[in-house]
Amino acid sequence: MDKPDKKKNRRDFIFTASYTIGAVGLGATIWPLIDQMNPDSSVKALSTTEVDISQIQPGKSITVLWRGKPVFIKRRTQSEISEAQSVKLEELKHPEKDQDRVKKPEWLVMLGICTHLGCVPLSDKGEYQGWFCPCHGSHYDTSGRIRKGPAPVNMEIPKYTFIDDNTIKIG
Amino acid sequence: MSDHYTPSSKFGKWFNDRLPLLSLSAHLREYPTPRNLNYWWTFGGILTFCLMSQIITGVVLGMHYVAHADMAFNSIEHIMRDVNYGWLIRYIHSNGASMFFLAVYIHIFRSLFYGSYKSPREIIWILGMLIYLLMMATAFMGYVLPWGQMSFWGATVITNLFSAVPLVGESITEWLWGGYAVDNPTLTRFFSLHYLLPFLILGLVVLHIWALHVPGNNNPVGIDIKKPSSDTVPFHPYITIKDLFALLVFLIIFSGFVFFAPNILGHSDNYIQANPLVTPKHIVPEWYLLPFYAILRSVPDKLGGVILLFASIFILMALPWLDSSKVRSAIFRPIYKQFFWLLMVDVLVLGYMGAMPAEGTYLLIARVATAYYFIHFIVILPILSKFEKTESLPLSISDPVLTGRTDRSDV
Chain D
1 MDKPDKKKNR RDFIFTASYT IGAVGLGATI WPLIDQMNPD SSVKALSTTE
51 VDISQIQPGK SITVLWRGKP VFIKRRTQSE ISEAQSVKLE ELKHPEKDQD
101 RVKKPEWLVM LGICTHLGCV PLSDKGEYQG WFCPCHGSHY DTSGRIRKGP
151 APVNMEIPKY TFIDDNTIKI G
Chain L
1 MSDHYTPSSK FGKWFNDRLP LLSLSAHLRE YPTPRNLNYW WTFGGILTFC
51 LMSQIITGVV LGMHYVAHAD MAFNSIEHIM RDVNYGWLIR YIHSNGASMF
101 FLAVYIHIFR SLFYGSYKSP REIIWILGML IYLLMMATAF MGYVLPWGQM
151 SFWGATVITN LFSAVPLVGE SITEWLWGGY AVDNPTLTRF FSLHYLLPFL
201 ILGLVVLHIW ALHVPGNNNP VGIDIKKPSS DTVPFHPYIT IKDLFALLVF
251 LIIFSGFVFF APNILGHSDN YIQANPLVTP KHIVPEWYLL PFYAILRSVP
301 DKLGGVILLF ASIFILMALP WLDSSKVRSA IFRPIYKQFF WLLMVDVLVL
351 GYMGAMPAEG TYLLIARVAT AYYFIHFIVI LPILSKFEKT ESLPLSISDP
401 VLTGRTDRSD V
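Protein chains in written order, with this note's numbering: chain D, 1 to 171; chain L, 1 to 411.
You can trust all of the hints, since none of them are fake.
A few chain D residues that face chain L, going by a derived Cβ cut-off under 10 Å, partial list only:
id, residue
1, W31
2, D35
3, Q36
4, M37
5, N38
6, P39
7, D40
8, S41
Read the hints as simulated data drawn from the structure, not as lab findings. Bear in mind the structure is a predicted one, so any value in this text is a computation, not a measurement. Yeah, the Cβ is synthetic: ideal placement off N, Cα and C, and Gly gets one too.
Just chain L, with the same shape it has in the complex (with noise of 0.2 Å):
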């Protein structure tokens, strides 16, 4: 292993000595991978250059853009129509944004199905939430710097939900704002911390990657296997070139939004001045937002809304704890993989209804749909890891494949 690294150089060893910048990169290139992991374990990498992508493209963008409620909305139509490849870069950042969401959606539904938010991930799990949670924090206050109608409408109803808070509610808003309404103070704010939140990410993310290479990536299977032995790959090349090819297909995509659609994931309200004496019909958050935002419309009470809304995100952060089950893998859980894909509908059906109006029968789906989300968590979980029968586990990673069981054809 890594630990015992020497570099063969005689400069090498007197740089390695003082700073193990050359122990930490053979770390990395030899870091036993489970060898059976499948595609659903690259979106790591994905997200990584995702995190490196917004950032880059961010920086460009902030020489360009300025930050004052009568110049923003100008200073986009200037990086759009005058600055060289400014429409590119900043069609990168903005399709960027959902590109991020729809990776991380995937990546923490991959760690639902295989149960790698147990024990001994914990702590990567819950640095995954903050992540997550930072993520949503930062791509709202992005949406609000064009300080077009969506902008100026979502950031008066989102510091609204403040408002809700007993007694003291009215001055969290103010402080937010800094002022009586979204205006000039409140876009020079969001700019900043904007700026900022990204590279709290990165830290988190480094935090994140660390806890992750003490046990080990989970795998396919969900079994703890030795280290390293047969049932392990070094990470490089194996993981590498493969994390590569994935992220090349997700480019593809990437690409077919920035070239053809870039405008289809937002919204054409924003192409509009923030105008403070009207509200658009609609007001709708981003796609990536929407599941929380039916939570909020389906609770018919101000402040019960935006409890339900923190706690729908604050939950996930208790999940190793509701699920208690000893055995990790969705495919040695019979019920349990029901009960996931069941959550799947269930959030994908709050995002529709989170897209419409909150009235007659969206309303009531979206209420039901609610009602389940927690009830999965809250009641499905902790009963199903107590009573459920799991099916028998393997010994290694290498023993399915070698004994030719077939009970792995669905992964």
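Same shape as in the complex, but just chain D (with noise of 0.2 Å):
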């Protein structure tokens, strides 16, 4: 009496097995063809730029290109550094000490990168004397924090250590 029930509990297993596997295999062919698309090694294995900085002058800063993006590195002067690090954190609309935002007070080394739509802001220009982005009209401070237009946080800190007085890694 219970043949045809049991029966049918087999089918349904040797279908949900085969639909199981089959989605299974199925994802498994998708995703090297979406992986593809990622970073490749060749790549990653650019993620890490060492700069020579014994030649920046007090007050200059250069670019450099790391992962496909600009770097810049400033050489701040002393009243740069003591602008940046008087401003109170209630004026600021990215609430950031520049204490947090620099390894050493004179190198302030960031991603030059309008956090707003992505464009490469101009260095000292702006109503802050720090940057200031052509595209849309974001001004920067000397810590290249967000202190007036549309951009919505400071400008990114990339990781980065000293590996002498003369010498950055970035990555």
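Taking the hints as your guide, dock the two standalone chains into a single complex.
As structure tokens, then:
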């Protein structure tokens, strides 16, 4: 009496098992086709850049490429440092202490990309003597913090270390 | 039938009245298929899979490949070493070409055995031959893209075929090259065309299937059947599940090549960057072009070899008229059946000779095999179709089953 039931259950089991295996196989086939568009080994291999900073004069900055993006390395003057440190956190759109954004106060290392829509801001421009983005008018101060304009947050600080007094490793 | 198909939902009906996709899908599901189709009939589905697989992996490879004489070779190595799963995608694409040809040869020989090229299916056959021709052109240009030694010298030899044309030969080859030898302009145009042709093939495949759906499938017994009737089954689920099973078996073999012997069908010389100053000792095309290569080399005259090479392909298009026998399936043609196998052996022999150096006994055998290839089509088939005494055909597909006839034992 329970025979047809049993048969039906077995059939259901086979269906479910086949569909499951089929779905896993399909997923395993599709994944390489998706993953191939992710950064490849040759791109990942370029994830660190070493920079010689011995030639940079106070008040000057250089721009280097790291992972295809511009990184600003600025040697700040004493007045720029004190200006950055003296700002009250309440005045900031994205409150961050200058001390938290640098390893040595003299050196500001940050991604030179406006956090609004990705343009590269111009240095020593704008109302705060820091950076000014020509695309949509964002003003950054001498610590790279957003002060005025549409950008939502401060310019990003990449991972970096001082290998010695004259060399920075970014990434 | 699907012509009278009405969608059940109101929206379905509204949509279908404007774009009858649902009718098409119903037609494909219900499409009456002869109930006696054997596994040789599953290669149409397998070939559709091969084409899609080649297009998808090819589009992906195109994202990483650089079509420039100085960078192409390195970009292939970049794909093999750096790109995530690049090795897998490239091996699927390169072995996929071989699997595509393996399937298409089985598909063609199935047609030859069961007379699928005969009336009323001549257009299907001719479209199929055009697809085959485009496949060869596409595969050849794809083989040039890695810019290895075999790529370069294969391209040189094949494009030089056109220099055999009297008077304008040299202008044609220079036009093909975009210069005075195979070089960067040749590579970039081959890349462009290699990307284009598969989509032309896809278009022809749609016509091929459309033309097939007018008379319906031929079948192992080769007789006309009433559709739908007790001789047919709906395409879905009967044929879909059978095609799927055959495809899975095919994929096991395919994966065997991709994962365990990905370079066994290739030539090691192609891992050496193209060098216009040094020709490799042995220039050998890919295995699927070897029979034609043997025909080309068996003629001692440049122009003659080229003419025979093209004739060997175009003669196939005339096949429906060369073989005028009313009986389709070789099952009921005892003499044709022998010649079918002889032709198959002949083509295999030609393939083997194409891989051997063109000298001594090899050359002699290649010449005999080439002659036989043409004799089969031009002499044997027309005579045979007039004088062969065929066996009596069953009235329907169910007939030989129900009457217990045994002459289907060799199907």
